[in-house]
Each structure stands twice: as C-alpha cells, then as structure tokens.
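Taking the hints into account, I'd like the entire structure generated from these sequences.
Number of protein chains: 2
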Amino acid sequence: MSYYQAPLDDVRFLLFDLFRIQEHYPALTGQSEFSQELADSILTEMGRFASGVLQPVNRSGDEEGCQYHPDSRSVTAPPSYRDAFRQFVDNGWPALTAPTAFGGQGLPYILGVVFDELCAATNTSLSMYFGLTHGAIIALSEHASDDLRQRYLPPLISGQWTGTMCLTEPQCGTDLGMIKTKAVPAENGRYRLNGNKIWITGGEHDLAENIIHLVLAKLPDAPAGTKGISLFLVPKVLDDGRRNGIYCTGLEHKMGINGSATCFMSLEDAEGYLIGEPHQGLRYMFSMMNSARLMVGVQGLGLGEAAYQTAVKFARERIQGRSLAGVQSPDLAADSILVHPDVRRMLLSQKALLQGGRALACWVGINLDISHYHPDPQQREQAHDLVELLTPIVKAFLTDQGYRVCDLAMQTLGGSGYTRDWGIEQLLRDCRISRIYEGTNGIQALDFVGRKLPLHGGRGARALLQSLREMAGTCDDENVRKTLQHGLGVLNEALMWLTINGMQDREQAGAAATPVLNLFGTVILGVLLARSAQVSGDSARQQVRDFYFAEHLSQVDAQLAVIKAGKQHLMALPAAAF
Amino acid sequence: MSYYQAPLDDVRFLLFDLFRIQEHYPALTGQSEFSQELADSILTEMGRFASGVLQPVNRSGDEEGCQYHPDSRSVTAPPSYRDAFRQFVDNGWPALTAPTAFGGQGLPYILGVVFDELCAATNTSLSMYFGLTHGAIIALSEHASDDLRQRYLPPLISGQWTGTMCLTEPQCGTDLGMIKTKAVPAENGRYRLNGNKIWITGGEHDLAENIIHLVLAKLPDAPAGTKGISLFLVPKVLDDGRRNGIYCTGLEHKMGINGSATCFMSLEDAEGYLIGEPHQGLRYMFSMMNSARLMVGVQGLGLGEAAYQTAVKFARERIQGRSLAGVQSPDLAADSILVHPDVRRMLLSQKALLQGGRALACWVGINLDISHYHPDPQQREQAHDLVELLTPIVKAFLTDQGYRVCDLAMQTLGGSGYTRDWGIEQLLRDCRISRIYEGTNGIQALDFVGRKLPLHGGRGARALLQSLREMAGTCDDENVRKTLQHGLGVLNEALMWLTINGMQDREQAGAAATPVLNLFGTVILGVLLARSAQVSGDSARQQVRDFYFAEHLSQVDAQLAVIKAGKQHLMALPAAAF
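Taken in sequence, the protein lines are chains A and B. Sequential numbering from 52 applies to the first sequence in the working numbering. Sequential numbering from 52 applies to the second sequence in the working numbering.
Keep in mind that the hints are not guaranteed to be accurate.
Given that identical chains are not distinguished, each listed pair holds provided it fits within a single copy or across any two copies.
Unchecked claim - Calculated cross-link-like contacts (lysine-lysine; reagent style DSS-like; alpha-carbon spacing at most 27 Å):
hint, residue 1, residue 2
1, LYS615, LYS533
2, LYS305, LYS364
3, LYS278, LYS231
4, LYS364, LYS231
Derived from the structure by calculation, the hints contain no laboratory data. This structure is a prediction, so every number in the text was calculated from the model and none was measured.
Here you go:
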C-alpha cells in the first residue's frame, strides 16, 4: 500500500504565508465571511476525505477495473467505488467552486486546485468522474441557454449526475476539424446526432443516475474544418425518462487509471440540444478544456506527491549498506539508505519539483479567482492573461515532472517499487496518461508558443516576466538574485530568438516549442522556490532551493542551446529514413 | 500489437563495416570456418526466430501471467509459452555461445549480444528463463569442480534444464553481507541449506524438467559480511529423482514482465553442493552477474527498438493536422504527423539513442570475445579492462535510455500508446525493471566510479579515452572532430575533479557517480555515432549524428556543472526534513 498524508503544511504555507489569500480574498470574492480559519477547516476536511474515503479504494479500483456488458451495452465501475462515490456527493465536494445560483458553494477556485491535487493523489480514477463533470459545468455555465442551465446544472453540481466531453473520434484527436459526427435539426428545436466517439472518460457507468454528454458534431451546413463544429448537450436519459440513443460500445484496455471507464461511444439518432450558437463549439469546448488542463496538470503533482511520500518512508526504513562517510547507525545492522548521496539526489529532485510545482499551481489558482472575481476589470484582465499563459505550462510541465517524480520514487524503492506492495507502480501507471490526455504535452507547447505567448502582442508574457523579476528581486541573498537573473536572462534570450525566427518560419517555432515551455517551467519553479525560501526563512526550504539551483536551474543554458540550434537538425532526415 | 523487424541492417553495418569482425574473428576465435556468410546466416535465423516464435506469444504471456498453486507449491508459466520454449531449446539457442566441451556451440559472444537484443525486443519475459540459465552456465564453467560441471552443464546448455541466481533475501538486496541463509555440512560432502530468498527469476515453473539454483549462503564458520558468503548448487530434483527441499512459496505481482515467474523461495533442509572454495561466493557470483548485467543493458536496447519501430509506423500512418510549413499531402485529409518538428525530435532521440547504444553494446561484445579468445595475453587483458569498465555503463545507460525510448515512443502515439492496442505500454512496463534488477542503476554508477575507474590505477579508463580519441580523430569533418574533442575534454575534466575530490571524500565520489556515468554514456555514444557516420558515408547517419550533437551531446557542460557542484547540496537537508 502507498503512504500519504495531504501536504497541508505546504499548502497552508503557500496560501497564507506566500500568497496571503486571507488578506485579500474577503474583498476579492465579496465573501466577508472568508477567513484563514474557514479556509483552514475546509483544507483539513479535504485531507480527511482524501485519505479516509478515496485512498482506501484506490488499489481495489485498479484491480477490479471496469466491466463492459455487451448485451445491455452497460458498464460497471469498480464495485468498491460505490460507497466512496456516494460520500463524494453527500459531502458536497462536486459543488465546491460551482456557481451558487445553481446550488454550488461558490468557494474560491484556489480551494478547487488544492482539492484536485488531493483527489489525484489518493484516487485519480474515481476523481475523473467528477473532473469531467466539472468541465461540463463550466461549459454549460458560460455558454448554455438559461433553460438548459436550469435543467442540467443543479443535478451536475450536486453530483447526482455526471458529465462527459465527447471530442475524439477514431480519425481525429488533435485535429478536431476532421470530426465526422453529424447533427441534423429535428422537432422542437432539438437535434438528432449520429457518429462514433472514442476515449470518452466516464462515457458509461453505474455510479450516477444520468450522464450528460457534451458532444462536438457538425451541422449539415457546417463550414469545413474547425470553424464548422457545434457543441451539443446529449443526455443519456431524457427528461421523460426515455433512454437516449447514445451507447457505450466497448471499453479501452489501458496501462493505468483502470477504475476510470474509458469508453467507445456510438450516437444512434441521439436527441440533443445545441449549446450556444452553431459552429462555435470549439470555442465553447476550450473553456471546459482550460479547466480540465489545469486539473490534469495538478494530477501530475498529486500523484507525484503520493509517490514521493512513499519513497521517503521506504528510504527511512530500509537499512542496507553503510554510509560512504562511515557508519552512521552503529546499533543497526546497516544504515538507512537515506545516507547515500544518490538516494538523496532522487528524493531532493522529487521534493523540489513538487514544492515548486505546487507553488505554480496555487499561483495560477489564485489568478483564476482574480480573473473571475476582482472588481477592477484591468486586474481581471491581467490575471486572465496569466492564467491563459500558464495553463499549458501547468498541464505539460507539472505532468512531465510529476511523472518524473513517480519514476524517481520507484527507482528509490528499487525492486519494491516495481512490485505492487508499496503502490508506486500504480501511481506511475496512473500518472502516465496525464502527459497525453487533454492535449498531449507537445500540443501544450505549441499552444504556449503559437497562441499564448503572442496573445495581445505579448502582453501576458511581459507581465509574467515582470512578476518573476519582482519576486527574484525580493531575495536577500545576492547569489540567489544573480542566479535567478541569469535564468530570467536566458528566458528573455529564448523569447528574442523565438520572435525573430518563429515569425518568419512557423516550423522554427514548432521546433522550439517544447524546449521553450520546459525552459519557462524550469525558471518559474526556480523563482517560486527562491521566493518561498525567502518568505519562510526556513533552512529546509533554502536547502531545497539550493539543490534545485544546482541540479535543475543549472541546465537552462543547455536548454537554450537546443532552442537556438533551430529546426535544421530536426527536419533534415527524410521521412523514409526513420 | 507491436511491429518489429530485427534491426539486422544496423547490426550488419556494425559487425561487418564498423568493427569488421569477418577479418579478425577467424584468427581470434581459432575457428577458420567463421566468415561473414556464416555470421550472416545465423543473424538471419535469429531474426526469423525472434519475430516468428517469440513475438507471437509476447502479449499472451503478459495477459496470462504466471499462476501459483499453493497446494503443490508449484508455478505454471504462461501456457502460450510452452511451444515457443520448446522451439528455443530444439533450435539450440541456449547453446549458442556456451563452451563446446559441454555441448555448447562455442560461437562468439558478439552473436550472443545480438541474440539477447532480439529476444528482449520480442519477448523479454520468456527470454529471462534462459538469460538466468546463461549466467548459471558461466558461473559453473568458471568455478565449479569437474564433477559438477560434467553433471550439470550439459542439460543447462541444451536448455533441458534452467538455472537461477538466488541472491536476494527480504532484508538484503544491494548489501549481500546481511544474508541469513545457512548452509551446514552434511553426509558425502554435501550441505544442507535453510533460509528464504526473494525475487528469484524462474525460481519455479513448469517449462523444464529440472531447475538448478545457484544459492548464496553462509557456512557455520563464516566471517561476517560479504567475505563470509559461499555459493552452492541446489537442484530442484536430485540425481536420484527425489524432490529437493527448495520450494516456491509465492509469486510477486509486478508492473511488468508478467510472463517471468518472480518467486519467493524457501530452502528447507535443501541438499546442495559447494561451488569452488568456501567464502568465495560473492566473487563467483560476480562472474555471472557481469554477464547478466550486459544482458540487462541490452534488454533496454531491444525493448526500445521494438517501441521505436512501432512509433515510426504509427507516425507514418497517422494523419492529423497540417505541416507548419504548409500542406504536404494535398490529396489526404491531413498530413502525416511525421511532418511536425516535435514528433521528429521524439523519433530522432529514439533512433540516435538506439543506434549509438547498439554500437556500444556490440563494441563490448567484441571485446568480450577478445578477452576470452585472443592469443596475446596483453590484448586479452586490455579487452578485459574495457569490458569491466563498460559493463556498468551498458547496464545503466542503455536501460535508462532504452526506457526513455519506450517512453518517447508512447508519447509519439499519444492515447494509442497508453491503450493496449499497439503494444507499447507492455514494452514500457517490461522495460522498467531493467533499470532496477541486477543492481539498480545507482549501484552501477557506484561500481563504475568506485571500482571500475580506479582499477589497475586507472589503466582501463586511460585506454578507453585513448580509443575514443582515436575514433574521434578519424572523422573528416572538422566541426565534428571539434565537438567530440570538447566532449572528451569534459570527460577528462570530470575525471580530474573525481580524482581530486573523490579520493579525499568518498561521499563526493558517491555524489558524482550517476552524473559521471551518464556523462561517459553521452560522450561514448556521440563518438560511436560520429564514427558510424564517418565509416558509412551515409547521409542519414550523418543527420542522426548531427541531431545527437545538437540535443544530447550539447548537454555535457551542464552535466559537468552538476558533478562539480559536489555533494554539499545533496547532503545539507537533515533526514527529518525530507
């Protein structure tokens, strides 16, 4: 089994010491009752729920998996999930950050970010049923008619029903312009949909009474490509109790997240409602995708944290060999493996990446709140810029690094990590998908470089760099400031290279995309770790910062060299020679 | 399913063009009949066997797994393995490189290295039953009495029986000095053994008539620690047909290699024979471990190759989106994803790491032959030095990079890589153990830095650097020579730092171990890729070299920075603060 305690000390430090939300959130959210005490008690409850309810059925869910029944075209979720799922709903967690007008609690998004991390750490598969529902809630809140919102939001927010995002088809995932699912107008302003969807998370299961599918499809008069996609609401069970023509035709067999039902779906004259305007579906879908991308980034963080805690526990308890500096525990048959520099390197990488990653996730979560709630439109806009810019970094960098953390944790345990006993191998398998779904990390990098950086003439990027410079400037230690300034200088240089070369030749931007995103991630985490060390005055945080500087931030020049090498070495090899 | 064709073009290039074994092997091995034609036909047979016999039962073996039967304390291997196992034996593959005196074919070790790669690529789990047997054959050949060799080698070499290495116990893996298994002298010069072993590959199964266990245990008068370990031969079935007291008490449940039986073993008054002298067991075990470590390194290569070929096939066929440089395939609905720089980066990393890694593995295989067969003792010694030095690099670097290749291959496929359809997720799961077993890669790094580099006053290291310099010097392109010289200069600097700091403070050597090993691996592959490009004159090999230089070799200065940062940033954090 894996060992996990919600990392609430670090969360509290970030929320109350580093970002001091207790001071500005009452005014920001207009909730005068918001206080550190309130937030604190919610955090405590989250930790209790994650460890007490979600984690105990994490392994059983992996082992039981989901079962497909061809005769009824139905899916049974892991039986051990049922009670935990019910408690998830009964405790009101799906409503946490949802709008109060439809039964939500309307609490700040930052609490949702923390909750997502804890859920991912303790049961990613079960959480996905609600994660996708959350995306559907956002899309409906922002784009659906009043009538649809009144009818569908309350049961989704309460968790009585769950939601899905039906995007991918066998012939298209990244390139949604190739969608073939068709929608034709029918009686009463409704539509009839026909087509096939794949990889639909929670597409069919027995945990909720109804499933509300948000489906991308093309109207008969649709323009070609992505400009001709519309978004439809397709309930599994219709208002009058009839079973709608949307069926699961099979389940994917996957490396991990076995408790999450990944469905092939068939739309067979399914009744649906158009959401918003025709042909605007992709735009609407993006508002739910952004939320989903943040959630997935945070999954990397949560799974990494669970793996790290297990690795630390193992390293403390495992005695084997002696310290290279001489016997440390003469009363034991051997020293703990924590004495070895190489074991410490693995654990320090894990710790630094997690602390820095969590600071980044919380920073984005707070800006999400500002972008929604701040009374000043300029403040909202600035925060929105930052969220837009950082969303692909959270998705790609935190999942790449979260997976790396899981991998390092397994290596720390050696053979005990490869066998099932300590639970790490499940965390690794469950984490691997986070780098792929909601847009592969390569797609995130293209989004970052091609769309987010140039947005509003680079306004967000300039503001981000300014924020980072300010944080770096607050560090007392001159060497720390210098190191950060160097990192920020490298970022600037990369941006200059990209501006000059990427504008003339989009393939140059494509070649630079992934290393540029990684460079941003590396430097941002460095600044946040240094700022954390400064604010806390804690020697452990300073040591983690120093480690990160020596082993991670020290790689930025080499990352820049790859960017500046351009596309030539990537494009030269003829396709036939691979 | 996964796609695989034995990479015999690359193997033939390495063997016949780069290393030109056809010219010196007849004299080297004393086998005048050895020729390119002979080697070539054996390679063709290997490819046919791997693709035609091993691969078809790779996935079924993963799905069937091994079954333990508590009543009989017996294990059933995957039923679909039976026929492939029989063909493995009937075709004489276990005898390939084994000594002719006991029924082996006595063919050069380099052919064994190639065969190991092909077996790992197509069925790692099944191959492990023979891989461990091969280790047992080596240990018995080198250290057992004539009597034991006559009785046990022929059926092991024929594959009629299989062998194991029983080292690990619950309380010790890396630190074998803590072994508790006891051996006491009994009648007729035999011994009685009692104790528990874990993680015993092929410890029990139904594929062979008998299993010959090589067991580390302590005699009653044994000195403490690693100097008190003896090696015993413990057959499952004794000569007179009695079942010996060595039983499987359970199976491990693992992330991968599910077709390979990983056993808990219990020795209950088991009869055994002492191999060689008392208390010399660890030294004997090392001769089989070195062979096993090379094999495991090559597993990383083979699994990576299978994953890469699948990723290339997928990338060619998957059409999605358009090239950033404009439409490339106007007659299709989209371009192949092979047009994207980021997809090409992933595939080029795979290709370069595999080609370079295979060159390294073959270089070591040829030196293994020279170290055994060369008439000149000085040549044998030099080759032996190189094999000793490069073994931990092959084990650690090729498995780390082979796993990275599998991971990049999965990312290339996106969701199709995470689901079972294309077989990549099994390759990734099967590959993960290679970085752990036969000594974790961290242990390999300590072996490299602590034992291998200082061996004979650094004689091997000097000879290695000299060889690399010579190869680099043969490259016509001045920029290529300069880049390699820079890389070799960085290697030298790392060695100097290590000599100065590691001698005074062993923890400094421990801190540097992993980055030093990785630095060596990175530079050696760079030299071998450049040399291959030079010898072949092939533009594709030049493009692969250029890619490797731009994205991998360009990282050496940053690697050196980590080494020179020393141990301080690793050792500062108190144990309680992790």
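Against the structure, the hints:
In this assembly of identical chains, the alpha carbons of LYS615 and LYS533 lie at most 27 Å apart whether taken from the same copy (23 Å) or from different copies (19 Å). Only between protomers do LYS305 and LYS364 lie at most 27 Å apart by alpha-carbon distance; the minimum there is 20 Å, versus 29 Å within a single protomer. Taking the closest pair of Cα atoms, LYS278 and LYS231 come within 27 Å of each other only inside a single copy of the chain (14 Å); across copies the shortest separation is 71 Å, beyond that limit. In this assembly of identical chains, the alpha carbons of LYS364 and LYS231 lie at most 27 Å apart only when taken from different copies (25 Å versus 51 Å within one copy).
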